[in-house]
Amino acid sequence: MTQAATASVGQPAIPPLHDCRKAFAQTLHDLAAADERIVVVCNDSVGSSNLVSFARDYPGRLFNVGIAEQDMVGVGAGLANGGYIPFVCAASPFLTGRALEQIKADVAYTGAAVKLCGMSPGLAYGPLGPTHHSIEDLAWLRVLPDLPVVVPADPAETAAAVRWAAQAPGPAFLRISRSPVPDLPPTVQALEPGKATVLAAGTDITLIGNGTLASRCLNAATLLTSEGVSARVLNMPWVRPLDEDAIIAAATQTGGIVTAEEHSIHGGLGGAVAELIVSRSPVRMRILGVPGQFAPTGSTEWLFEHYGLTGPGIARAALSLLGETGG
Amino acid sequence: MTELRSRPGSTAELGARRDWLEHAEAADRSEHLAAAATALRRRDLEMITAARMGHIGGDFSAADIVATLYLGVLRVDPEAPDWPDRDRYIQSKGHASAILYAALAMVGFFEDEALDTYMAPLSPLNGHPNRRHVPGVESNTGPLGHGLPVGVGAALAGRLAGSSRRVFVLTGDGELQEGSNWEAAMAAAHHRLDNLIAIVDRNGLQQGARTEETNGLEPLADKWTAFGWQVLQVDGHDHEQLYQALRGTPLAAGKPTCIIARTQKGHGVSFMTDRVEWHHKVPDDQQASQARKELAT
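Line by line, the protein sequences give chains A and B. Residue 1 is where the first sequence starts when you use the working numbering, and the numbers rise one by one after that. Residue 328 is where the second sequence starts when you use the working numbering, and the numbers rise one by one after that.
No lab work stands behind these hints: they were computed from the structure. Keep in mind that the hints are not guaranteed to be accurate.
Computed beta-carbon distance windows for the label pairs [stated by the list, open to error]: (1) Q534/B <-> L128/A: 35 to 43 Å; (2) D35/A <-> K550/B: 34 to 42 Å; (3) M328/B <-> G292/A: 37 to 45 Å; (4) Q613/B <-> E101/A: 55 to 63 Å; (5) G83/A <-> G336/B: 53 to 61 Å; (6) E305/A <-> W410/B: 36 to 44 Å.
Treat the numbers as computed from the prediction; the structure is a model and nothing was measured. Glycine included, every Cβ here is placed at the ideal spot set by N, Cα and C.
Can you make the complete structure from the sequences, with help from the hints?
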């Protein structure tokens with residue numbers, strides 16, 4: 001694990017944490033310098049999408065449509081129709097909730113090469129409450145045909161996702177986290193569509209996470225090692241298309257699967273994994289996320305703790321599952 | 328699924344027709360466009376009676392607008408439907424797909440015989456247009472209030488590209504109850520998109536009743552004006568008015584254009600005209616026979 005060298009003797013090092021919006025914005029800025037087709041559409045979110053320097057350096061290529069998400073997505077589709085590569089950036093709850101029909105019809109069904117960027121998803125807005133939480137976006141979008149859904153886990157993967165999206169001929173949804181995450185081990189250089197990466201090898205159980213939960217799955221695996229449990233850890237940024245081979249291998253080679261995501265337990269990554277294995281290779285699962293409820297007031301980290309979306313929480317779920325299966 | 332292919336020679340044919348219309352006397356032009364619109368209605372009638380499904384009332388209210396656009400106004404290339412510098416026509420009232428398909432076939436984006444498959448299993452000609460299967464379709468519409476935002480984006484793209492191409496969006500009038508249209512209307516005026524033309528098919532009827540009895544739109548012209556658009560009202564069944572209005576856009580530099588075309592649902596067939604039930608009613612044999620007679624000339 002990448003760790004900062006500043007930890008004092010005898011204490012675990014605390015790795016530096018990152019807001020992935022920064023890597024997102026920097027990568028988009030760099031790509032835009034080389035490709036004039038790259039434009040941005042946003043909804044009064046120039047600051048919250050970290051697009052101030054884009055607006056400054058590429059005047060005329062950022063369209064702030066104001067607080068009008070349906071128009072925003074339609075405008076993106078129209079720009080794509082004209083041969084441009086629009087990155088449509090907005091807080092994920094409003095992008096995906098308010099403009100869902102535009103995403104379905106104007107983008108996915110039309111096949112318009114719009115790059116939808118859901119900023120600050122999941123529980124990022126913490127105490128602002130469930131209106132601002134975006135724990136439904138993966139469920140809403142992963143059912144749409146022809147719309148890849150990507151949930152990067154750290155700055156490097158975020159940058160890779162932006163680079164992939166910019167050159168992909170079709171649309172995409174990128175879920176860009178603001179909740180702080182550490183750097184993951186550098187397992188791959190480029191993002192390969194539909195491929196998970198193995199963050200840790202293991203044989204007793206598999207932990208699958210993405211976004212902010214990938215590093216927490218890795219922490220859980222470390223904790224499980226001290227319990228004598230060998231946990232495989234998969235980072236699964238692609239909710240669509242799924243890495244079916246990696247999931248089936250996990251199901252057949254390990255005793256169970258725990259998924260963890262900054263999302264509702266219904267319809268997200270865990271749901272996608274469950275849908276696959278139930279017909280191909282059923283094993284017991286634990287799906288960790290926000291249970292079917294509107295979250296109470298609390299900071300993002302408090303909510304993570306509240307719902308067990310932490311290394312220890314994931315490890316507890318794994319041990320509980322292994323207890324049931326006799327593993 | 329059948330792949331639709333353009334009719335060979337259609338590009339030259341359409342170009343010649345557009346040139347002829349441009350230089351014809353107004354009366355001759357009107358006669359030509361009227362005949363074409365009637366032919367579109369006849370073809371539409373056969374498509375809908377064969378499919379036993381469709382939206383004939385809205386097809387017929389828009390037929391003269393669609394005929395005028397495709398024959399005399401739009402700079403499109405049936406043999407190169409993705410020509411980057413083409414004018415864009417986005418039909419927001421996607422349910423009027425039959426009249427759009429009939430027009431696309433008439434100018435050669437695909438062969439007329441494909442229209443016989445309208446809404447049949449595995450036909451590319453769905454009840455609402457699908458760009459990925461139908462050449463000439465710009466955006467997949469059907470849910471209402473989607474066309475104008477896409478039109479704003481297409482107009483921004485045209486400006487960014489330094490192109491003189493124009494973007495035409497045809498909306499129904501009932502669908503103006505969707506707020507997304509007004510989001511787009513604000514954006515178009517804010518960005519001074521004078522390459523964008525919204526055409527409102529103002530037939531006064533929505534699916535179940537008159538617009539003014541449902542959620543009134545009037546004063547409609549004042550609304551567009553207040554949103555920063557230059558507005559022109561025309562008789563949506565007068566081909567010369569339509570031709571001059573559509574060719575004469577933008578009406579004002581730096582402002583998007585709204586053409587409110589006053590129309591009648593079911594126009595062209597006496598018993599359908601201005602009758603709300605013909606929104607999506609399918610003619611029986613006797614009604615179809617009567618409609619054919621009325622559309623014979």
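Is it true that the C-beta distance of Q534/B to L128/A lies inside 35 to 43 Å, as the hint says? 39 Å Cβ-Cβ, so the 35 to 43 Å window holds.
Can the suggested window of 37 to 45 Å be confirmed for the beta-carbon pair M328/B and G292/A? This hint holds: roughly 40 Å between Cβ atoms.
Beta-carbon spacing of G83/A to G336/B - inside the hinted bounds 53 to 61 Å or not: 27 Å, violated
Could you tell me whether the CB distance from D35/A to K550/B stays inside 34 to 42 Å? 39 Å, holds
That 36 to 44 Å hint for E305/A and W410/B (C-beta), does it hold up? Violated, since E305/A and W410/B (Cβ atoms, about 58 Å apart) do not stay within the stated range.
Pairwise beta carbon distance, Q613/B to E101/A, judged against the given window 55 to 63 Å: Violated, at about 40 Å.
Hints 4, 5 and 6, counting from the list given before, are not met by this structure.
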